[in-house]
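**Student:** Given the coordinates of chain R, assemble chain Y onto it according to the supplied hints.
Heads up: the sequence lines are chains R and Y, in that order. Reading the first sequence from the start, the letters are residues 80 to 192 in this note's numbering. Reading the second sequence from the start, the letters are residues 35 to 144 in this note's numbering.
One or more hints might be untrue.
Quick list of in silico lysine to any residue cross-link-like pairs, SDA-like style, CA-CA up to 25 Å [stated by the list, open to error]:
{"hint": "1", "chain 1": "Y", "residue 1": "LYS131", "chain 2": "R", "residue 2": "ILE105"}
{"hint": "2", "chain 1": "R", "residue 1": "LYS103", "chain 2": "R", "residue 2": "PRO87"}
{"hint": "3", "chain 1": "Y", "residue 1": "LYS90", "chain 2": "Y", "residue 2": "PRO144"}
{"hint": "4", "chain 1": "Y", "residue 1": "LYS76", "chain 2": "R", "residue 2": "VAL98"}
{"hint": "5", "chain 1": "Y", "residue 1": "LYS76", "chain 2": "R", "residue 2": "ASN109"}
{"hint": "6", "chain 1": "Y", "residue 1": "LYS131", "chain 2": "R", "residue 2": "ALA151"}
{"hint": "7", "chain 1": "Y", "residue 1": "LYS76", "chain 2": "R", "residue 2": "ILE105"}
{"hint": "8", "chain 1": "Y", "residue 1": "LYS131", "chain 2": "R", "residue 2": "GLY138"}
{"hint": "9", "chain 1": "Y", "residue 1": "LYS143", "chain 2": "Y", "residue 2": "GLN48"}
{"hint": "10", "chain 1": "R", "residue 1": "LYS157", "chain 2": "Y", "residue 2": "GLY75"}
{"hint": "11", "chain 1": "Y", "residue 1": "LYS76", "chain 2": "R", "residue 2": "THR92"}
{"hint": "12", "chain 1": "Y", "residue 1": "LYS143", "chain 2": "Y", "residue 2": "TYR59"}
{"hint": "13", "chain 1": "Y", "residue 1": "LYS131", "chain 2": "R", "residue 2": "ARG120"}
{"hint": "14", "chain 1": "R", "residue 1": "LYS147", "chain 2": "R", "residue 2": "GLU123"}
{"hint": "15", "chain 1": "Y", "residue 1": "LYS76", "chain 2": "Y", "residue 2": "THR97"}
{"hint": "16", "chain 1": "Y", "residue 1": "LYS76", "chain 2": "R", "residue 2": "THR117"}
{"hint": "17", "chain 1": "Y", "residue 1": "LYS131", "chain 2": "R", "residue 2": "GLY107"}
{"hint": "18", "chain 1": "R", "residue 1": "LYS103", "chain 2": "Y", "residue 2": "LYS76"}
{"hint": "19", "chain 1": "Y", "residue 1": "LYS131", "chain 2": "R", "residue 2": "THR92"}
{"hint": "20", "chain 1": "Y", "residue 1": "LYS76", "chain 2": "R", "residue 2": "ASP142"}
{"hint": "21", "chain 1": "R", "residue 1": "LYS103", "chain 2": "Y", "residue 2": "GLU73"}
{"hint": "22", "chain 1": "R", "residue 1": "LYS103", "chain 2": "Y", "residue 2": "ALA129"}
{"hint": "23", "chain 1": "Y", "residue 1": "LYS105", "chain 2": "Y", "residue 2": "GLN48"}
{"hint": "24", "chain 1": "Y", "residue 1": "LYS143", "chain 2": "Y", "residue 2": "PRO43"}
{"hint": "25", "chain 1": "Y", "residue 1": "LYS131", "chain 2": "R", "residue 2": "SER152"}
{"hint": "26", "chain 1": "R", "residue 1": "LYS103", "chain 2": "Y", "residue 2": "PRO43"}
{"hint": "27", "chain 1": "R", "residue 1": "LYS103", "chain 2": "R", "residue 2": "PRO140"}
{"hint": "28", "chain 1": "R", "residue 1": "LYS157", "chain 2": "R", "residue 2": "MET119"}
{"hint": "29", "chain 1": "R", "residue 1": "LYS147", "chain 2": "R", "residue 2": "MET94"}
{"hint": "30", "chain 1": "Y", "residue 1": "LYS90", "chain 2": "Y", "residue 2": "LEU100"}
{"hint": "31", "chain 1": "Y", "residue 1": "LYS131", "chain 2": "R", "residue 2": "ASN129"}
{"hint": "32", "chain 1": "Y", "residue 1": "LYS131", "chain 2": "R", "residue 2": "SER145"}
{"hint": "33", "chain 1": "R", "residue 1": "LYS147", "chain 2": "R", "residue 2": "THR117"}
{"hint": "34", "chain 1": "Y", "residue 1": "LYS90", "chain 2": "Y", "residue 2": "LYS131"}
{"hint": "35", "chain 1": "R", "residue 1": "LYS147", "chain 2": "R", "residue 2": "ALA81"}
{"hint": "36", "chain 1": "Y", "residue 1": "LYS143", "chain 2": "Y", "residue 2": "ARG95"}
{"hint": "37", "chain 1": "Y", "residue 1": "LYS105", "chain 2": "R", "residue 2": "GLY138"}
{"hint": "38", "chain 1": "Y", "residue 1": "LYS131", "chain 2": "Y", "residue 2": "THR103"}
No wet-lab data here; the hints were simulated from the structure. Treat the numbers as computed from the prediction; the structure is a model and nothing was measured.
Below are the chains, spelled out letter by letter.
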Amino acid sequence: DAGVIQSPRHEVTEMGQEVTLRCKPISGHNSLFWYRQTMMRGLELLIYFNNNVPIDDSGMPEDRFSAKMPNASFSTLKIQPSEPRDSAVYFCASSLGVTGELFFGEGSRLTVL
Amino acid sequence: GESVGLHLPTLSVQEGDNSIINCAYSNSASDYFIWYKQESGKGPQFIIDIRSNMDKRQGQRVTVLLNKTVKHLSLQIAATQPGDSAVYFCAETNAGKSTFGDGTTLTVKP
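Next comes chain R alone, as it looks inside the complex:
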């Protein structure tokens, strides 16, 4: 069975550019989470959706970050404009229900120069 699929796996961009990260959750899962992992802060929850509706976006750093989930099989996390401090590994995870085990993708490693 396919797990959570993220793209791109690696992205190198210059400061000021727009970055879009993509996620396909596991089919049938109704909750989707975006996490960011850095050496400084560890794993931080940015936002999560339940049944395609954003439930808690209090972890989104600032207005430069936005996330959408137009349907049950696709979500995007956008950073515009990107800054060097956004460099991190961004993980998408999905679960069946909000309190279930999280299934993580392989992550998108973002480097902003």
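**Tutor:** Below, chain Y alone, put in the same frame as chain R:
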């Protein structure tokens, strides 16, 4: 100046020994706890979970203990193998939101 990252606890054990990884959680209202394993270059993977109305749960080679009085969680790995080398995270869940601890790096020496 020099940037300072998280100082992850480390645990080094000999192959075949038992490992105990500890975690302190912060929210007494958390109702569900999970241990995850993260190998280099991969996302965290579920190991075992426990609900707040339990104090012990066993899986294959792993046991999780929950002490709500002191808000402490531990993961015991029996007969540790080189493939167990990874970073281990505990996560507490409350109202649908999972918050991860800083992680412990486990190194298994052959």
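**Student:** Hinted pair, alpha-carbon criterion (25 Å max): LYS131(Y), THR103(Y). Please report holds or violated.
**Tutor:** holds (22 Å)
**Student:** If you draw a straight line from the CA of LYS103(R) to the CA of PRO140(R), is it 25 Å or shorter?
**Tutor:** OK: LYS103(R) and PRO140(R) at ~23 Å, within 25 Å.
**Student:** Would the pair LYS103(R) and PRO87(R) pass a check requiring their Cα atoms to be no farther apart than 25 Å?
**Tutor:** holds (12 Å)
**Student:** Take a quick look at whether LYS76(Y) and THR97(Y) sit within 25 Å of each other, Cα to Cα.
**Tutor:** holds (23 Å)
**Student:** Given the hint that LYS131(Y) pairs with SER152(R), does the C-alpha gap stay at or below 25 Å?
**Tutor:** holds (21 Å)
**Student:** So if I understand the rule, the pair passes when the alpha-carbon distance is 25 Å or less; does LYS131(Y) with ASN129(R) pass?
**Tutor:** This hinted pair holds, its Cα atoms lying about 11 Å apart.
**Student:** With the threshold set at 25 Å, check whether the alpha-carbon distance from LYS76(Y) to ASP142(R) stays at or below it.
**Tutor:** The hint is violated at about 28 Å.
**Student:** Hey, LYS147(R) versus GLU123(R), does the alpha-carbon distance stay inside 25 Å?
**Tutor:** Since the Cα atoms of LYS147(R) and GLU123(R) sit roughly 18 Å apart, the hinted pair holds (cutoff 25 Å).
**Student:** Given the hint that LYS90(Y) pairs with LYS131(Y), does the C-alpha gap stay at or below 25 Å?
**Tutor:** Status holds; Cα separation ~22 Å.
**Student:** Between LYS131(Y) and ARG120(R), does the CA-CA distance stay at or below 25 Å?
**Tutor:** Within the cut-off at roughly 17 Å; holds.
**Student:** When you check the alpha-carbon spacing of LYS76(Y) and VAL98(R), does it fall within 25 Å?
**Tutor:** Holds - the C-alpha atoms of VAL98(R) and LYS76(Y) are around 21 Å apart, at most 25 Å.
**Student:** Hey, LYS147(R) versus THR117(R), does the alpha-carbon distance stay inside 25 Å?
**Tutor:** holds (22 Å)
Hints 3, 12, 19, 20, 23, 26, counting from the list given before, are not met by this structure.
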